[in-house]
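There are 2 protein chains.
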Amino acid sequence: MFTEEEKKALYKVIYKRRDIRTFQPTPIPEESIYNLLNAAHHAPSVGFMQPWNFIMITSQAVKERLAWAADKERRALAIHYEEQEAKQSHFLNLKIEGIKESPLTICVTCDPTRGGSHVLGRNSIPETDQLSTACAIQNMWLAACVEGLALGWVSFYKKQDVRDILEIPPHIDPVALLTIGYTDEYPDKPILETSKWEDRKKLNPLIYKNKWGENESL
Amino acid sequence: MFTEEEKKALYKVIYKRRDIRTFQPTPIPEESIYNLLNAAHHAPSVGFMQPWNFIMITSQAVKERLAWAADKERRALAIHYEEQEAKQSHFLNLKIEGIKESPLTICVTCDPTRGGSHVLGRNSIPETDQLSTACAIQNMWLAACVEGLALGWVSFYKKQDVRDILEIPPHIDPVALLTIGYTDEYPDKPILETSKWEDRKKLNPLIYKNKWGENESL
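Protein chains in written order, with my numbering: chain H, 473 to 690; chain X, 473 to 690.
Any given hint might turn out to be false.
Any copy, or any two copies together, can satisfy a pair, since identical chains are not distinguished.
[Claimed, not checked] Heads up, simulated DSS-like pairs for lysine-lysine below, C-alpha to C-alpha not over 27 Å straight-line:
#, residue 1, residue 2
1, Lys681, Lys631
2, Lys673, Lys484
3, Lys661, Lys572
4, Lys683, Lys567
5, Lys683, Lys630
6, Lys479, Lys661
7, Lys480, Lys661
8, Lys572, Lys630
9, Lys631, Lys683
10, Lys681, Lys544
11, Lys630, Lys681
Quick caveat, the hints were computed from the structure, so don't treat them as lab data.
Produce the entire structure from the sequences given, and follow the hints as far as they go.
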């Protein structure tokens with residue numbers, strides 16, 4: 473069903489995808505935006521509930537308010553590193569979001585009420601609705617990569633601030649703010665790896681056989 | 473960076489990927505298994521925490537116990553449809569897992585303690601560790617698809633049963649049981665769509681502009 477070339481293409485995009493925080497203001501073609509959203513919409517979802525919505529933010533005024541919410545959270549979090557001075561200054565020097573610069577921010581939400589009271593599978597594990605939404609985000613991210621676009625997942629905010637700014641009802645979960653645009657810098661390695669914040673772990677020790685803790689080597 | 477063919481290949485796999493519940497016993501080549509795990513390991517993760525482990529279940533005895541845990545949950549859930557007789561019999565006729573038939577089940581777990589006490593981003597939104605794990609699962613699913621393999625995400629179980637069976641520590645989250653193998657039946661549409669359990673939603677009404685509820689047409 474898939475050729476050797478198609479297989480290589482998938483692995484190429486999976487390995488090349490990066491989380492980007494620096495954007496050019498160049499507008500994004502409508503076709504690319506549609507491809508991103510349609511890729512997200514074809515993610516798997518528990519009980520086929522498709523719990524996602526996509527709020528497309530292009531208004532500069534709205535972006536300024538979201539950037540304020542993220543910056544406020546960044547400054548609050550920096551306080552938790554106050555006992556490790558080097559780590560705190562490292563943290564404060566990381567660029568953690570590009571909401572104001574990127575031409576488009578998408579707020580991806582999850583509606584836990586979609587599909588009614590007894591969604592297949594979600595009845596056992598309620599957070600599968602959020603996990604489905606994360607699968608949609610991953611599809612969108614891979615799509616952005618092949619479209620030549622950079623994407624950054626911003627996870628610094630209080631959900632209630634984002635609900636207030638985007639007028640999102642209280643039961644809806646604003647799972648992610650995704651900043652999207654073209655970029656000059658698409659690094660080979662994750663920014664947090666290059667900046668020595670964290671290393672990529674070796675795969676083998678993460679694999680167990682038939683039970684937790686029993687190492688398997690592949 | 474990506475050719476038109478590579479772009480098409482990604483969208484093909486995103487659109488063709490299905491959730492499968494019927495498997496052949498044929499063993500899976502080691503190389504394909506490695507490709508699946510490495511794809512998962514290259515998912516994005518909050519603060520680059522890489523919170524996942526992969527428990528590879530091939531023991532028939534362990535699979536029997538997991539299948540028992542899933543079946544017990546399925547029977548318990550059926551009771552919640554007792555007031556809708558048609559829905560209940562529809563539910564009971566759906567094949568919801570293929571743990572015993574598939575040659576391999578992978579339990580993907582999430583360790584919320586990995587990366588220490590103050591993981592970048594997870595400090596604001598704690599469940600981003602599970603969302604990262606879901607991104608890893610989606611990568612693995614797309615990889616399975618290009619490898620010609622079928623994958624089914626089983627979400628019918630009590631987490632404590634799976635912890636007991638696989639000797640998983642209490643703080644580790646068994647996010648998913650993934651059944652993997654070759655299949656005779658790789659349908660064009662989701663099983664829940666074909667069996668009239670749920671329809672695929674139209675994309676346009678899910679898209680809003682600058683705030684919740686404001687329709688955007690693309």
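We went through each hint and held it up to the structure:
In this assembly of identical chains, the alpha carbons of Lys681 and Lys631 lie at most 27 Å apart only when taken from different copies (19 Å versus 39 Å within one copy). Taking identical chains as interchangeable, the C-alpha atoms of Lys673 and Lys484 lie at most 27 Å apart only when both belong to the same chain, with a minimum of 20 Å there against 30 Å between chains. In the homo-oligomer, the alpha carbons of Lys661 and Lys572 lie at most 27 Å apart inside one protomer (24 Å), although the nearest pairing across protomers, at 40 Å, exceeds that limit. When the C-alpha separation of Lys683 and Lys567 is checked against a cutoff of 27 Å, the pair qualifies only between copies, where the shortest distance is 26 Å, while the shortest distance within a copy is 40 Å.
With identical chains, the CA atoms of Lys683 and Lys630 are at most 27 Å apart between copies only, with a shortest distance of 17 Å across copies and 37 Å within one. Taking the closest pair of Cα atoms, Lys479 and Lys661 come within 27 Å of each other both inside a single copy (22 Å) and across two copies (21 Å). Taking the shortest Cα distances, Lys480 and Lys661 sit within 27 Å of each other both inside one copy (19 Å) and across copies (25 Å). When the C-alpha separation of Lys572 and Lys630 is checked against a cutoff of 27 Å, the pair qualifies only within one copy, where the shortest distance is 18 Å, while the shortest distance between copies is 43 Å.
In this assembly of identical chains, the alpha carbons of Lys631 and Lys683 lie at most 27 Å apart only when taken from different copies (15 Å versus 37 Å within one copy). Proximity of Lys681 and Lys544 under a CA criterion of 27 Å is satisfied inter-copy only: 24 Å between copies versus 44 Å inside one chain copy. When the C-alpha separation of Lys630 and Lys681 is checked against a cutoff of 27 Å, the pair qualifies only between copies, where the shortest distance is 21 Å, while the shortest distance within a copy is 39 Å.
The structure meets every hint from the earlier list without exception.
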